[in-house]
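Asks: Listed here are the chains, written in short residue letters.
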Amino acid sequence: MTDIRYLAPGTLDEAVGAYAAAAGAARILAGGTDLLVQMRAGVVRPGLIVDIKKIAEMTTIEETPEGGFRIGAAVSGARLAEHPRFGKVWPGVLEGINLIGSKQVQGRASPGGNLCNASPAGDSVPAMIAAGAVVTIQGPNGRRQMPVEAVPAGPGRTNLAPGEILVSFTLPPQPAGTGDAYLRMIPRTEMDIAVVGCGACITLEDGVVTQARIGLGAVAPTPLLVGPAAAALIGSRLEEAALAAAAAACSAACRPIDDKRGTIAYRTKVAGVLLRRCVAIAADRAGRA
Amino acid sequence: MAKIHVTTTVNGEPVEFLCEPQQSMLDVLRGPLGLTGSKEGCGSGDCGACSITLDGRLICSCLMLAVEAEGHEIGTIEGMASGDGLHPLQQKFLEMAALQCGICTPGVLIAARALLEKNPDPTETEVRFGLAGNLCRCTGYDKIVRAVLETAAEMRGAKAEMPEAVR
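Here the protein sequences line up with chains U and F, keeping their order.
Taken in order, the first sequence gives residues 1 to 289; the numbers are from the numbering used here.
Taken in order, the second sequence gives residues 290 to 456; the numbers are from the numbering used here.
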């Protein structure tokens, strides 16, 4: 076995320097719930492991002065669940994050890892897309931001450039009357991988939808932002015609695979069903927000 | 290969060990530290037999590198009883025979304690979700769930009987 080195730098600059210098032989360690399994299976054999949990910016949850949230990429699902305000403001995002694995996995697994692992079925991603989350990335050429939906490039691949590290998620401030939700379809009740996942974020003003964002997971090589579904809802009072159009837009956006979890026809149909259920929950929360 | 020196706390005691960078916490617990209560089931975070706490939070020790223990607090099944006195969960598991072959039991106990610390009055559904990361190969889930619910009720009762000042 080749030598593995372990580094736990205290600053992002050090982490980026070491990660970039290793030129593809390095892996980032946040919660490790994917990385350690992959190492054990022999799928990855990193020459260098860069543990980012000693970097304050990557392990902090903070409310921004504008009223949004900034979540360090390595914050665990358990810590987000314990946060006094996060789950009240973004219950849908928290639902998505807290569906990643067991309580044990929640103690370590992070939304940053869920995004960078780039599974089409990652549960936190559709909810983050619906929330309009923006990620901050740092690399050898400095910092940049991109919308969360621009990070996955395909199964197991991201659009991060060599040497770049995902630093944090920024969730925008919410207008009054906003609610979000995440639902996934799985054949059992817990501990499974989404057959379809749907995130919705809705803003209501006197019962009329003024803003909407819809994210879908497990129905394409990457999680999707479904603009046409949101467009069908905006301006409506969530009447049947608007919901039917949004559900049809979700089904139309699907480019799924056939596998043991679900067929192409099933996933395509369920995407529309979940859209309706998820919007109903988000709208109910918006009505109470 | 140069081993890494790690200083940590295990069950409240300061502990030092040497490990390889890729070694899991579970390997070091069961090997050099001789704490074999935590079991290896799947090695991929699915079964929960290796459950421990890291700074009080429930995790799988097979999914943690031993080097990550530096400066943190590890809690294992060996630290669950205080002296000769079993933890109420351990006592109840014995009384209600909430175990068959026993390999999942240490992990179940650690996870159940973590659950009751956060939620002293869980519903049956909450217990089942809380323990969803612990697989019992004998499928003895009903007795486990009942024992956790009974313990919770007993611990709440004991707390209610305590004078206000002690609570």
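Please keep in mind that the hints were generated in silico from the structure rather than gathered at the bench.
Check the hints yourself; a few may be wrong.
Said to hold, decoys possible - In silico BS3-like links for lysine-lysine, alpha-carbon gap of 30 Å or less:
1) U:K53 <-> F:K448
2) F:K448 <-> F:K432
3) U:K54 <-> F:K407
4) F:K448 <-> F:K407
5) U:K54 <-> F:K432
6) F:K407 <-> F:K432
7) U:K54 <-> U:K88
8) U:K53 <-> U:K88
9) U:K53 <-> F:K432
10) U:K88 <-> F:K292
Unchecked claim - Which residues of chain F face chain U? A few of them, derived with a C-beta cut under 8 Å, are:
11) L347
12) M353
13) H361
Computed from a predicted structure; not experimentally measured.
Positions of the beta carbon are idealized from the N, C-alpha and C atoms, including for glycine.
Asks: Could you grab the alpha-carbon distance between K53 (chain U) and K448 (chain F) and see if it respects the 30 Å cut-off?
Replies: violated (37 Å)
Asks: Just to be careful, I want the Cα atoms of K407 (chain F) and K432 (chain F) compared with a cutoff of 30 Å; is the pair within it?
Replies: OK: K407 (chain F) and K432 (chain F) at ~21 Å, within 30 Å.
Asks: Hint check: K54 (chain U) vs K88 (chain U), CA-CA at most 30 Å. Holds or violated?
Replies: Holds, because 28 Å separates the two Cα atoms, which is no more than 30 Å.
Asks: Does K432 (chain F) lie within 30 Å of K53 (chain U) when you go C-alpha to C-alpha?
Replies: Judged against 30 Å, a Cα distance of about 39 Å means the pair is violated.
Asks: Verify the interface restraint on L347 (chain F): the C-beta must sit less than 8 Å from at least one C-beta of chain U.
Replies: holds (5 Å)
Asks: Within a Cα-Cα threshold of 30 Å, do K448 (chain F) and K432 (chain F) meet the stated pairing?
Replies: Holds - the C-alpha atoms of K432 (chain F) and K448 (chain F) are around 24 Å apart, at most 30 Å.
Asks: Mind checking the alpha carbons of K54 (chain U) and K432 (chain F) for me, to see if they're no more than 30 Å apart?
Replies: violated (41 Å)
Asks: Answer holds if the nearest beta-carbon of chain U is closer than 8 Å to that of M353 (chain F); otherwise answer violated.
Replies: With a minimum Cβ separation of about 6 Å from chain U (threshold 8 Å), the hint on M353 (chain F) holds.
Asks: Do the numbers back the hint for H361 (chain F), that is, is its least Cβ distance to chain U under 8 Å?
Replies: This interface hint is violated because 10 Å lies over the 8 Å limit.
Asks: Mind checking the alpha carbons of K448 (chain F) and K407 (chain F) for me, to see if they're no more than 30 Å apart?
Replies: With Cα atoms ~15 Å apart, K448 (chain F) and K407 (chain F) stay inside 30 Å; holds.
Asks: Mind checking the alpha carbons of K54 (chain U) and K407 (chain F) for me, to see if they're no more than 30 Å apart?
Replies: holds (26 Å)
Asks: Next pair to validate is K88 (chain U) with K292 (chain F); report whether the Cα-Cα distance is within 30 Å.
Replies: Violated: K88 (chain U) and K292 (chain F) sit about 45 Å apart, past 30 Å.
Checked against the numbered hints listed earlier, the structure breaks hints 1, 5, 9, 10, 13; every other hint is satisfied.
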